[in-house]
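Top to bottom, those sequences are chains V and D. Going by the working numbering, the letters in the first sequence line up with residues 171 to 521, in that order. Going by the working numbering, the letters in the second sequence line up with residues 171 to 521, in that order.
Do not rely on the hints blindly, as some may be mistaken.
One copy or two, it doesn't matter: identical chains are merged, so the pair holds either way.
[Claimed, not checked] Below 27 angstroms or equal to it, Euclidean Cα-Cα: the simulated DSS-like pairs (lysine-lysine) are:
1. LYS285 x LYS264
2. LYS285 x LYS346
3. LYS418 x LYS407
4. LYS418 x LYS182
5. LYS418 x LYS484
6. LYS480 x LYS241
7. LYS484 x LYS285
8. LYS505 x LYS418
9. LYS484 x LYS407
10. LYS484 x LYS241
11. LYS182 x LYS285
12. LYS418 x LYS285
13. LYS407 x LYS505
14. LYS505 x LYS264
Quick caveat, the hints were computed from the structure, so don't treat them as lab data.
There are 2 protein chains.
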Amino acid sequence: MTLGYLHNELLKRLRVYVAPRDVERTLMALRSSDHIWEIVERSQVPMRVLCTLLELLNEHGLVDVFNGSIKLTELGERLCEENDIAPFTSALCKSCDGRTVDINALGSSVIEEFKRISSERPEAIQEYDQGFVTDETTLARVTFMLHRGDLHGKEIAVIGDDDLVSIACALTGKPKRVVALDIDERLISFIGSVRERYGLSNLSVVRHDLREPLPDWMVGAFDVFFTDPTESFIGFKVFVERGLQCLKGAGCSGYFGLTHVESSLNKWRNIQRFLLESGAVITDIVDMFNHYVNWGYIERMRSWCWLPVKVHPKGTWYKSSLYRIEWLEPIELPKVRYDGNIFEDEEAATT
Amino acid sequence: MTLGYLHNELLKRLRVYVAPRDVERTLMALRSSDHIWEIVERSQVPMRVLCTLLELLNEHGLVDVFNGSIKLTELGERLCEENDIAPFTSALCKSCDGRTVDINALGSSVIEEFKRISSERPEAIQEYDQGFVTDETTLARVTFMLHRGDLHGKEIAVIGDDDLVSIACALTGKPKRVVALDIDERLISFIGSVRERYGLSNLSVVRHDLREPLPDWMVGAFDVFFTDPTESFIGFKVFVERGLQCLKGAGCSGYFGLTHVESSLNKWRNIQRFLLESGAVITDIVDMFNHYVNWGYIERMRSWCWLPVKVHPKGTWYKSSLYRIEWLEPIELPKVRYDGNIFEDEEAATT
Numbered sequence: 171m172t173l174g175y176l177h178n179e180l181l182k183r184l185r186v187y188v189a190p191r192d193v194e195r196t197l198m199a200l201r202s203s204d205h206i207w208e209i210v211e212r213s214q215v216p217m218r219v220l221c222t223l224l225e226l227l228n229e230h231g232l233v234d235v236f237n238g239s240i241k242l243t244e245l246g247e248r249l250c251e252e253n254d255i256a257p258f259t260s261a262l263c264k265s266c267d268g269r270t271v272d273i274n275a276l277g278s279s280v281i282e283e284f285k286r287i288s289s290e291r292p293e294a295i296q297e298y299d300q301g302f303v304t305d306e307t308t309l310a311r312v313t314f315m316l317h318r319g320d321l322h323g324k325e326i327a328v329i330g331d332d333d334l335v336s337i338a339c340a341l342t343g344k345p346k347r348v349v350a351l352d353i354d355e356r357l358i359s360f361i362g363s364v365r366e367r368y369g370l371s372n373l374s375v376v377r378h379d380l381r382e383p384l385p386d387w388m389v390g391a392f393d394v395f396f397t398d399p400t401e402s403f404i405g406f407k408v409f410v411e412r413g414l415q416c417l418k419g420a421g422c423s424g425y426f427g428l429t430h431v432e433s434s435l436n437k438w439r440n441i442q443r444f445l446l447e448s449g450a451v452i453t454d455i456v457d458m459f460n461h462y463v464n465w466g467y468i469e470r471m472r473s474w475c476w477l478p479v480k481v482h483p484k485g486t487w488y489k490s491s492l493y494r495i496e497w498l499e500p501i502e503l504p505k506v507r508y509d510g511n512i513f514e515d516e517e518a519a520t521t
Numbered sequence: 171m172t173l174g175y176l177h178n179e180l181l182k183r184l185r186v187y188v189a190p191r192d193v194e195r196t197l198m199a200l201r202s203s204d205h206i207w208e209i210v211e212r213s214q215v216p217m218r219v220l221c222t223l224l225e226l227l228n229e230h231g232l233v234d235v236f237n238g239s240i241k242l243t244e245l246g247e248r249l250c251e252e253n254d255i256a257p258f259t260s261a262l263c264k265s266c267d268g269r270t271v272d273i274n275a276l277g278s279s280v281i282e283e284f285k286r287i288s289s290e291r292p293e294a295i296q297e298y299d300q301g302f303v304t305d306e307t308t309l310a311r312v313t314f315m316l317h318r319g320d321l322h323g324k325e326i327a328v329i330g331d332d333d334l335v336s337i338a339c340a341l342t343g344k345p346k347r348v349v350a351l352d353i354d355e356r357l358i359s360f361i362g363s364v365r366e367r368y369g370l371s372n373l374s375v376v377r378h379d380l381r382e383p384l385p386d387w388m389v390g391a392f393d394v395f396f397t398d399p400t401e402s403f404i405g406f407k408v409f410v411e412r413g414l415q416c417l418k419g420a421g422c423s424g425y426f427g428l429t430h431v432e433s434s435l436n437k438w439r440n441i442q443r444f445l446l447e448s449g450a451v452i453t454d455i456v457d458m459f460n461h462y463v464n465w466g467y468i469e470r471m472r473s474w475c476w477l478p479v480k481v482h483p484k485g486t487w488y489k490s491s492l493y494r495i496e497w498l499e500p501i502e503l504p505k506v507r508y509d510g511n512i513f514e515d516e517e518a519a520t521t
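With these hints in hand, go ahead and build the complete structure from the sequences.
The structure is reproduced here in structure tokens:
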């Protein structure tokens with residue numbers, strides 16, 4: 171049994187991209203945990219690939235599944251030893267959780283107020299591919315924007331806002347204007363009521379289906395966009411294109427998240443190509459910056475049926491990298507309607 | 171006076187790229203410090219552009235230069251107020267300095283041993299465009315590699331090693347093999363003597379001029395490369411191409427640093443294009459990860475004569491982002507000799 175054989179078998183069984191190092195990363199994760207969701211998180215291998223690989227390892231007697239856990243067998247351990255594969259080791263800074271910034275830069279009243287507000291937010295629902303991030307994540311995003319000069323005096327568009335980034339931005343009092351765009355009536359009315367209750371006159375909220383072109387008044391009107399795209403390639407493009415269309419032009423910046431759970435490294439590369447071709451430069455990619463709170467509909471995810479062990483997660487496991495881009499050479503982007511299912515492709519099926 | 175006017179004037183005076191936001195970033199830095207090297211660091215504007223802009227601001231009475239400091243005048247402050255430009259604010263995590271990782275994951279004996287060794291290193295010299303990073307930086311690089319599975323059991327090539335990354339890697343005892351490549355006899359003999367003194371049998375060192383193609387035995391022989399390229403576009407390509415040529419193939423990874431001091435965002439974009447075209451994907455960009463110890467030849471830098479205020483730096487100011495790439499689709503790269511000066515272009519002239 172070789173790693174190359176396992177890689178080839180995966181390629182035969184799957185219609186999706188398998189990264190050259192997916193087998194190695196999965197074995198590293200398996201050496202460090204027997205809990206399926208920790209393995210998903212630590213391997214950074216797309217779930218579509220990971221689940222098929224675990225099945226394959228099971229068939230070859232390299233892992234055992236029992237009692238809700240999945241474990242390398244003696245044979246599996248030997249394969250790791252032979253290939254010098256060590257257990258996954260986390261070396262992240264415990265102070266910032268690897269996010270680079272200290273949210274205390276926002277001041278304690280912003281932090282406390284935001285946490286109080288977010289405790290009353292609406293539940294995540296599957297219909298809109300929702301799944302929101304932890305309070306620390308939202309606050310760290312805004313801290314990152316502060317650090318990069320993307321907050322003070324800026325007009326900020328938040329494209330899809332179940333994470334309540336617009337509220338955290340507005341609470342700092344620094345932006346000139348924050349506009350949140352979402353399809354979900356519950357969020358619209360929640361953000362609207364926070365605006366009233368806290369007197370956040372720089373905050374507004376608009377109901378919009380992103381498959382439709384942006385309203386004219388939003389085109390070319392903002393300095394910064396923030397979005398957390400759905401991760402099918404087409405869905406990703408729709409979110410980021412809309413974000414770019416909001417921008418005033420050269421020198422404006424954009425933020426978004428991208429996972430390894432739903433996006434292979436090949437999709438990452440295609441997305442990076444798309445960003446460069448759109449006239450942007452990538453200034454930052456911070457691994458595992460965004461941590462998602464577990465959502466209620468996990469058993470109804472398309473990927474649930476792929477799992478070799480059907481147990482619920484213990485802690486946060488769905489994480490994404492934070493990208494920051496800066497627009498250098500704005501190009502004309504299509505202002506079109508996107509029809510049909512923009513949420514799924516062969517890799518993206520987690521939410 | 172508008173920001174647009176200043177941007178246009180810069181374009182007229184310079185033959186290099188001026189990013190759309192360079193003026194804004196410079197003003198943010200000026201509002202937060204009157205020390206030229208802090209302004210270089212905080213603005214993240216290439217020195218070539220920054221120095222010309224400061225000259226321009228001076229001509230228009232927007233800054234005053236006196237007594238070794240440079241300060242916004244009342245007129246300059248008003249320009250900032252009118253354009254809602256706030257002082258630069260750092261929000262970096264103080265625990266990891268924004269590097270995402272905790273070097274303590276390496277264990278205290280590796281840390282102490284490395285610091286002891288590095289205290290005896292040779293001085294940085296201009297002839298080879300040297301300028302080494304702080305001990306914390308080198309240790310954080312190796313911690314990052316550990317976290318990403320790029321250390322244990324790996325064959326690692328360090329292309330140019332005045333930062334002593336090869337020694338820190340070898341001290342952990344984890345890599346299968348570490349080979350450092352450098353042109354500087356002093357470094358060759360220093361790394362060689364450390365190898366003997368500490369019994370680091372997995373460490374070796376080779377004298378090589380990177381303008382020459384790699385020795386055959388190094389081509390396709392490594393899992394990971396690490397390099398800190400000189401930042402002219404051609405010099406950068408030479409270093410990274412040699413790095414990629416060292417790699418065994420798909421799934422292998424590479425690390426390098428890139429500054430804003432010597433590289434405009436346009437050069438960043440061209441470099442990102444080059445990486446994607448070479449078959450790589452960018453997995454991480456961590457801003458300001460690498461901190462350089464001030465070198466002895468600062469007054470002999472080409473950029474010294476551009477400075478509006480000729481004072482010495484107080485602390486570290488030359489910093490670079492850490493890039494990690496993974497090779498997905500290896501392509502054939504030219505194995506050629508590069509002639510002439512690969513160290514300079516219009517932007518890169520700091521070291």
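A quick look at each hint next to the structure:
no.: 1; hint: LYS285 x LYS264; verdict: both (21 angstroms within a copy, 23 angstroms between copies)
no.: 2; hint: LYS285 x LYS346; verdict: within (23 angstroms within a copy, 48 angstroms between copies)
no.: 3; hint: LYS418 x LYS407; verdict: within (19 angstroms within a copy, 33 angstroms between copies)
no.: 4; hint: LYS418 x LYS182; verdict: between (47 angstroms within a copy, 23 angstroms between copies)
no.: 5; hint: LYS418 x LYS484; verdict: neither (43 angstroms within a copy, 38 angstroms between copies)
no.: 6; hint: LYS480 x LYS241; verdict: within (14 angstroms within a copy, 63 angstroms between copies)
no.: 7; hint: LYS484 x LYS285; verdict: within (22 angstroms within a copy, 40 angstroms between copies)
no.: 8; hint: LYS505 x LYS418; verdict: within (16 angstroms within a copy, 44 angstroms between copies)
no.: 9; hint: LYS484 x LYS407; verdict: neither (32 angstroms within a copy, 45 angstroms between copies)
no.: 10; hint: LYS484 x LYS241; verdict: within (17 angstroms within a copy, 54 angstroms between copies)
no.: 11; hint: LYS182 x LYS285; verdict: neither (48 angstroms within a copy, 50 angstroms between copies)
no.: 12; hint: LYS418 x LYS285; verdict: neither (32 angstroms within a copy, 49 angstroms between copies)
no.: 13; hint: LYS407 x LYS505; verdict: within (12 angstroms within a copy, 37 angstroms between copies)
no.: 14; hint: LYS505 x LYS264; verdict: neither (43 angstroms within a copy, 44 angstroms between copies)
The structure shown violates the earlier hints numbered 5, 9, 11, 12 and 14.
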